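Mind docking chain L on chain Y? Use the hints.
Protein chains in written order, with the UniProt record's numbering: chain Y, 1 to 235; chain L, 1 to 448.
What the hints contain is simulated information worked out from the structure, not anything from laboratory work.
Note that the coordinates shown come from a computational prediction; the quantities given were computed from them, not determined experimentally.
Errors might be hidden in some of the hints.
Cross-link-like lysine-lysine pairs, in silico, BS3-like; alpha carbons within 30 Å at most [unchecked claim]:
{"hint": "1", "chain 1": "Y", "residue 1": "Lys95", "chain 2": "L", "residue 2": "Lys86"}
{"hint": "2", "chain 1": "L", "residue 1": "Lys86", "chain 2": "Y", "residue 2": "Lys92"}
{"hint": "3", "chain 1": "Y", "residue 1": "Lys95", "chain 2": "L", "residue 2": "Lys410"}
{"hint": "4", "chain 1": "L", "residue 1": "Lys166", "chain 2": "L", "residue 2": "Lys222"}
{"hint": "5", "chain 1": "L", "residue 1": "Lys410", "chain 2": "Y", "residue 2": "Lys102"}
{"hint": "6", "chain 1": "L", "residue 1": "Lys222", "chain 2": "L", "residue 2": "Lys86"}
{"hint": "7", "chain 1": "L", "residue 1": "Lys166", "chain 2": "Y", "residue 2": "Lys96"}
{"hint": "8", "chain 1": "L", "residue 1": "Lys86", "chain 2": "Y", "residue 2": "Lys102"}
{"hint": "9", "chain 1": "L", "residue 1": "Lys86", "chain 2": "Y", "residue 2": "Lys96"}
Looking from chain Y toward chain L, a few residues come up when the C-beta cut is under 8 Å (computed) [said to hold, decoys possible]:
{"hint": "10", "residue": "Ile32"}
{"hint": "11", "residue": "Leu47"}
{"hint": "12", "residue": "Ser50"}
{"hint": "13", "residue": "Val158"}
The C-beta atom is built at its ideal place from N, Cα and C for all residues, glycine as well.
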Amino acid sequence: MTAAVFFGCAFIAFGPALALYIFTIATEPLRIIFLIIGAFFWLVSLLLSSLVWFLAGTITENKDGPVQKYLLMFGVLVSVFIQEVFRFGYYKILKKASEGLKNISADETALSMRLLAYVSGLGFGIMSGVFSFVNTLSDSLGPGTVGIHGDSPQFFLVSAFMTLVIIMLHLFWGIVFFDGCEKKKWYALLLVLLTHLLVSTLWRDLSIFPCRRERGAEKEGWIQEEEELINGVWP
Amino acid sequence: MLTFMASDSEEEVCDERTSLMSAESPTPRSCQEGRPGPEDGESAAPWRGQDGEEDHEEDPDHYVCSGVPGRPPGLEEELTLKYGAKHVIMLFVPVTLCMIVVVATIKSVRFYTEKNGQLIYTPFTEDTPSVGQRLLNSVLNTLIMISVIVVMTIFLVLLYKYRCYKFIHGWLIMSSLMLLFLFSYIYLGEVLKTYNVAMDYPTLFLTVWNFGAVGMVCIHWKGPLVLQQAYLIMISALMALVFIKYLPEWSAWVILGAISVYDLVAVLCPKGPLRMLVETAQERNEPIFPALIYSSAMVWTVGMAKLDPSSQGALQLPYDPEMEEDSYDSFGEPSYPEVCEPPLPGYPGEELEEEEERGVKLGLGDFIFYSVLVGKAAATGSGDWNTTLACFVAILIGLCLTLLLLAVFKKALPALPISITFGLVFYFSTDNLVRPFMDTLAFHQLYI
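Just chain Y, with the same shape it has in the complex (with noise of 0.2 Å):
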């Protein structure tokens, strides 16, 4: 796992909302703080949903097997659930926040609901790609051989691809989601709703590169193969 893997992945996952950000964003004083609470909403959700699964964990009392799985998929659907209550409870103050813009600034244009979306579209966006990524990144830059006992190796590629995926489609949802309760259209929000729980729920089942190991777990026993290739330890 060579820096070239680990540049190459951050890039995949992050460039273009780095570009996004970089272009769109990061001029205007006003969009950038709507972002960062954008992002912090997205951690609340998380934290609250993270609370919920925990709960649900201790109340099973962490039995493992299949218990486990279906636990996860709960705290799956809860988070999701939580999430999209959190964008709502955002467009409602982001709509009395633009209200109150607009009354006190008469001159300036007001950021419109759209440049809202968008920014806080990419807010959770960011914050969701960055919390699912940034781990397996700084994994990928110490030693070791990616699917060395017969994974995937291509789980590095896989993950910045999916954190990309998961990082636009957090923004399309934003946008259609304001542009749904700002039009009183509500199958648009059901909409958001159902795809981000097809998106989220959808991998797992379908996934192509199963990947058995623990990420620590992972390390270990790979750099352990390493050495014994190196020492000529042959299985």
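What follows is chain L alone, placed relative to chain Y:
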């Protein structure tokens, strides 16, 4: 005041914590006379004195001057909002930079995560067998640390009240000397060791000497604003690294919590030391000592050329016009007395032609404690970046909220409580709840 302990001698705690201050860029007139009007609508100086172990320079913000008089109040509000966002960002950037420096160092240089003795202010060890004993020790450590800070602050207030300026200046200069030379030498040494780069002593001497000398000049005298800001960020990062290294685990968290409470009390209570300091400084209309406040304020006087010759003499300020861009912090004490004497008769008329931009000031102690929180999260988060990022976002949001309150209340506000509370909440919850959840999700390649 240096105290030495155990293996290392980093004792100098130069943390000044000041609350947020929205400083309107002072016009020379306002910096010389008293505040022209009441502080309503002007940026009062939310300014908290520092409570440092060694060194506090609490200088009332003499920027609490009126803006351009004669503006209608609605326009004033609009301008507040308009500039508000810009100044939030102008504080986000240095806070982010400081945190990045601290986190990058923590993650790469082993020295700052190794346990190597404790500060003399936290004498109780945390290597105890029982949890209760450890908790008790950390609470005792916190009590000692906070009382040291309180005593220092009160001492500083007294010094300031009885006008012992030379003492304060000497104190401040000594502590910046130590930070800029000793701590940066140690930091450079550790970084070189980490990357296994050899450097000979002459080169090292030259580097550290230049770094330190330019830093002293920039911070205490005059220098380009950006350079001064950069140096302030660097010394805050160095100080935060010292804290991260020498404060034991639990004590660090309890100290962070306790210091936010102290900050709240000291700035907002009528008899709080920091508030008294601010008020005394405001009464005397004196500048805040530089080197302890980070200022984002910039002023440019467009109408300089239009000044009439009669006031020309009065405007012989010790710095040339292009230096006007410097933060007023870079006035420096030596130039202050000269600046304040000559009156500026021509100013009231010219003020209206000048471009003014308001600024916000944030104390270095705030930088330090924010970075301590994020650095501790990076150091102890078991290699987890999610915790660090969550704390980072939480602190930024807290800062945003505090600035919003500042815009609403227009008086000195403590910058620590909201951010540190959010940071602590997010640290503990992310470390214990979010981390296992996200790890499990990443393991199964599930994306939410």
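Each hint tested on the structure:
For the hint linking Lys95(Y) to Lys86(L), the alpha-carbon distance of about 21 Å falls within 30 Å, and the restraint holds. With a C-alpha separation of about 24 Å, the suggested pairing of Lys86(L) with Lys92(Y) holds against the 30 Å cut-off. Distance restraint check for Lys95(Y) and Lys410(L): the Cα-Cα separation of roughly 26 Å lies within the 30 Å cut-off, and the hinted pair is therefore satisfied. At most 30 Å may separate the alpha-carbon atoms for a hinted pair to count; Lys166(L) and Lys222(L) meet this at roughly 19 Å.
Between Lys410(L) and Lys102(Y) the CA atoms are separated by roughly 22 Å; this keeps the pair inside 30 Å, and the hint holds. For the given pair, Lys222(L) sits about 25 Å from Lys86(L) by alpha-carbon distance, which is consistent with the 30 Å threshold. Using a Cα cut-off of 30 Å, the hinted pair Lys166(L) and Lys96(Y) is violated, with the two alpha carbons roughly 52 Å apart. A C-alpha spacing of about 18 Å is found between Lys86(L) and Lys102(Y), which places the hinted pair at or below 30 Å, so the restraint holds.
Taking the CA atoms of Lys86(L) and Lys96(Y), the gap is about 21 Å. The hint holds against a cut of 30 Å. The closest approach between the C-beta of Ile32(Y) and any C-beta of chain L is roughly 6 Å, which is under the 8 Å cut-off, so the hint is satisfied. Below 8 Å, beta-carbon pairs count as interface contacts, and Leu47(Y) has one with chain L at about 5 Å; its hint therefore holds. Given hint, Ser50(Y) at the interface with chain L, holds; its Cβ is 4 Å from that chain's nearest Cβ, closer than 8 Å.
Because the closest C-beta pair between Val158(Y) and chain L is about 7 Å apart, less than 8 Å, the hint holds.
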